[in-house]
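Residue numbers (the numbering used here), protein chains in the order written: chain U, 1 to 197; chain E, 198 to 666.
Think of the hints as simulated: they come from the structure by calculation, not from any bench.
All values derive from a computational prediction rather than experimental measurement.
Watch out, some of these pointers could steer you wrong.
[What the hints assert, rightly or not] Sample of chain E residues facing chain U (criterion: CB under 7 angstroms; computed from the structure):
1. Pro-219
2. Ala-220
3. Ile-221
4. Tyr-223
5. Pro-235
6. Gln-236
7. Thr-277
8. Gly-324
9. Thr-352
10. Thr-390
11. Gln-513
12. Ala-515
Here a beta-carbon is modelled for each residue, glycine too, at the ideal position from N, C-alpha and C.
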Amino acid sequence: MKPFTVHHAIVALLDRINIDTDQIIPKQFLKRIERTGYGQFLFYDWRFVKDGSLNPDFELNLPRFQNAEILLTGSNFGCGSSREHAPWALLDYGFRTILAPSYGDIFFNNCLQNGMLPVRLPESQIKELMDRTKQNEGYQLTVDLQSQTIQDDSGLVMTFDVDPFRKECLLRGLDDIGLTLLHEEKIRAYEASHGNS
Amino acid sequence: MRNTLFEKIWERHVVHQEPGRPAILYVDRHLIHEVTTPQAFDGLRLAGRKVRRPDLTIATTDHNVPTLGRTIPINDPIATLQVDTLKRNCEEFGITLYALDSPRQGIVHVIGPELGLTLPGTTIVCGDSHTSTHGAFGALAFGIGTSEVEHVLATQCLVQNPAKTFEIRVDGGLPRGVTAKDLVLYIIRMIGTDGATGHIIEYTGSTVRKLSMEERMTVCNMSIEAGGRAGMISPDDTTYAYLEGLPFAPQGAAFRSAVEYWKTLPSDPNAKFDRRISFDVSTLAPQVSWGTNPGMVADVTGSVPDPSTFGSADAQNAALRALQYMGLEPGTPIQEIPVDRVFIGSCTNSRIEDLRAASRMIAGKTVHRRVHAMVVPGSQQVKLQAEQEGLDAMFKQAGFEWRESGCSMCLGMNADTVEFGQRCASTSNRNFEGRQGRGARTHLVSPAMAAAAAVTGHFVDIRNWEATR
Numbered sequence: 001m002k003p004f005t006v007h008h009a010i011v012a013l014l015d016r017i018n019i020d021t022d023q024i025i026p027k028q029f030l031k032r033i034e035r036t037g038y039g040q041f042l043f044y045d046w047r048f049v050k051d052g053s054l055n056p057d058f059e060l061n062l063p064r065f066q067n068a069e070i071l072l073t074g075s076n077f078g079c080g081s082s083r084e085h086a087p088w089a090l091l092d093y094g095f096r097t098i099l100a101p102s103y104g105d106i107f108f109n110n111c112l113q114n115g116m117l118p119v120r121l122p123e124s125q126i127k128e129l130m131d132r133t134k135q136n137e138g139y140q141l142t143v144d145l146q147s148q149t150i151q152d153d154s155g156l157v158m159t160f161d162v163d164p165f166r167k168e169c170l171l172r173g174l175d176d177i178g179l180t181l182l183h184e185e186k187i188r189a190y191e192a193s194h195g196n197s
Numbered sequence: 198m199r200n201t202l203f204e205k206i207w208e209r210h211v212v213h214q215e216p217g218r219p220a221i222l223y224v225d226r227h228l229i230h231e232v233t234t235p236q237a238f239d240g241l242r243l244a245g246r247k248v249r250r251p252d253l254t255i256a257t258t259d260h261n262v263p264t265l266g267r268t269i270p271i272n273d274p275i276a277t278l279q280v281d282t283l284k285r286n287c288e289e290f291g292i293t294l295y296a297l298d299s300p301r302q303g304i305v306h307v308i309g310p311e312l313g314l315t316l317p318g319t320t321i322v323c324g325d326s327h328t329s330t331h332g333a334f335g336a337l338a339f340g341i342g343t344s345e346v347e348h349v350l351a352t353q354c355l356v357q358n359p360a361k362t363f364e365i366r367v368d369g370g371l372p373r374g375v376t377a378k379d380l381v382l383y384i385i386r387m388i389g390t391d392g393a394t395g396h397i398i399e400y401t402g403s404t405v406r407k408l409s410m411e412e413r414m415t416v417c418n419m420s421i422e423a424g425g426r427a428g429m430i431s432p433d434d435t436t437y438a439y440l441e442g443l444p445f446a447p448q449g450a451a452f453r454s455a456v457e458y459w460k461t462l463p464s465d466p467n468a469k470f471d472r473r474i475s476f477d478v479s480t481l482a483p484q485v486s487w488g489t490n491p492g493m494v495a496d497v498t499g500s501v502p503d504p505s506t507f508g509s510a511d512a513q514n515a516a517l518r519a520l521q522y523m524g525l526e527p528g529t530p531i532q533e534i535p536v537d538r539v540f541i542g543s544c545t546n547s548r549i550e551d552l553r554a555a556s557r558m559i560a561g562k563t564v565h566r567r568v569h570a571m572v573v574p575g576s577q578q579v580k581l582q583a584e585q586e587g588l589d590a591m592f593k594q595a596g597f598e599w600r601e602s603g604c605s606m607c608l609g610m611n612a613d614t615v616e617f618g619q620r621c622a623s624t625s626n627r628n629f630e631g632r633q634g635r636g637a638r639t640h641l642v643s644p645a646m647a648a649a650a651a652v653t654g655h656f657v658d659i660r661n662w663e664a665t666r
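This is chain U alone, in the form it adopts within the complex (with noise of 0.2 angstroms):
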């Protein structure tokens, strides 16, 4: 997994809430064995229109948003479906920091495992963020992970919060599983004291 350190970049606004993971990937998509591949699939029935021809209006769309890599949304953003194909996808299209008020679950759970931040703000401070988006083209932020700080180029600083064992994996790039293998005995005690093995 790459590590996530430090991440300055473009942010595009999606000024939606609960953005379930059918729109993010829909499921004629899902079908593909490989795990790369999907930014081109991402927010399909929104991007595109029905002939296949890119729909102006979807906010992605915009120049403005082009080449961005932070996504600031609405609340309750990837719920609904498990499919790892929606992180694989914003990631595989350029995003890498995501800011909303909340998430769904297994949609955060997810991003974590591709190194991938999802970071839950108050929704006062995503909305600030929305209108500093909206009224400067072009809007950038830095993401600082190690102090867990939001700045923006006008003196803007906000904090938030990470699990630190999550931050801890995200900052080294470190696979769970590798993690996890450190503990076989454990785990075979476990399975020997339970009936289990």
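Given chain U, work out where chain E should sit, using these hints.
Here is chain E on its own, set in the frame of chain U:
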């Protein structure tokens, strides 16, 4: 002791925990299917790892499979490759697969319980959010992503922080014609699609105690639609009676001693929950969703709401978008909404009791001429039992299509989709935009409500409809 069911199961499954770190939690049962596993098996191969406990891992193909006939090949090469990939992976790693030609094939959350793989007090995971279904048996069951599937395959464990607990207490007798589906839709309507985020729900109360296992599964299934990490119901005599004699449940003396253990699992009186809420459902009406998430729900006797009546600007915008997508006007009575399609199936409502309830509504009636209706049993076992009871003949005679088992039109990964702009009365769990097909308009209802809509071509209040027919 004043512990909850969740805490008792959690404590028994912690393999290792360091201060300030998440626990390593043992997984008793890992259910897998074709869509969320190919990348996990690739990851194992890449790292040179094995499946630690193939004996605790059970596979089926359900999401992507055709339902027209088992002898007809899948005509989608990408879907075929995914189904074949699961077969190859199961062979390579020694995992039991209930493939398309197996009499035990079916939706993963239907076959687990019917085979007795789902037991009280166990931990169950699957790369599917509706794994919460299995909580109906007093198991701790939740959905995981593909990276976590790989983690469980490699270690038979998961790295987890404990969730908060949330008691949802339901009392009052459900009126005739009002079902477990209406109950859970009502709960989501009341607490919202993020009402239980970060929490494990335990459903309690006199109404829950009276629910059958099928009904409990419907309720726990939709916990995820309220944002719940899992939904659970403490086991009782209904649970034990359902499990006795199932193929993978303990047998004979082992069963009796298992029951003794299971009886220690229910949440203790006065157990402390992080949150509690209670509902009385004695006057509940059948519920119908009008929008694009499972919290956007109204009484069948109500009407499509006016977005301007919603509390926040965010909620107003969401409701406006939803009505635009659904092609509905505020104030339209729910019973005047016409339907084009009816889907009876999915891990929420495709069990034998669901099919019986639907069949009771259609006896001697025919499907409305505008409506295309289909029944997709949850498993081959459900299909067989329904056929033995003559339900298939009733459905076919009324003009329903009678299909093979699978996830089908709940998510439309196979050929079973709703066309652009069509309106579907569906017994499934999600009315998200595009869920059943691009531009498809989904209304979530109970099996009996869906069957009645198939006959009349619009939603009806089955409480009165039954009485007058």
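Here is how each hint holds up against the structure:
1. About 6 angstroms separates the beta-carbon of E:Pro-219 from the nearest beta-carbon of chain U, less than 7 angstroms, and the hint is met.
2. Below 7 angstroms, beta-carbon pairs count as interface contacts, and E:Ala-220 has none with chain U, the closest being about 11 angstroms; its hint is therefore violated.
3. Hint status for E:Ile-221: holds, given a least beta-carbon distance of 6 angstroms to chain U, under 7 angstroms.
4. Checking E:Tyr-223 against chain U: minimum C-beta separation of about 6 angstroms stays under 7 angstroms; hint holds.
5. A distance limit of 7 angstroms between C-beta atoms decides the matter here; for E:Pro-235 the minimum to chain U is near 4 angstroms, and the interface restraint holds.
6. Hint status for E:Gln-236 relative to chain U: holds, with the closest Cβ pair at about 4 angstroms, below 7 angstroms.
7. Here the hint on E:Thr-277 is broken, as its CB sits about 9 angstroms from the closest CB of chain U, past 7 angstroms.
8. Because the smallest distance between the Cβ of E:Gly-324 and any Cβ of chain U comes to about 6 angstroms, under 7 angstroms, the interface hint for this residue holds.
9. Of the supplied interface hints, the one on E:Thr-352 holds, with its beta-carbon coming within about 5 angstroms of a beta-carbon of chain U, less than 7 angstroms.
10. A least Cβ separation of about 6 angstroms between E:Thr-390 and chain U falls short of the 7 angstroms threshold, and the interface hint therefore holds.
11. With its C-beta approaching chain U no nearer than about 11 angstroms, E:Gln-513 sits outside the 7 angstroms limit, and its interface hint is violated.
12. For E:Ala-515, the interface hint holds, since its Cβ comes within 7 angstroms of a Cβ in chain U; the closest pair sits about 5 angstroms apart.
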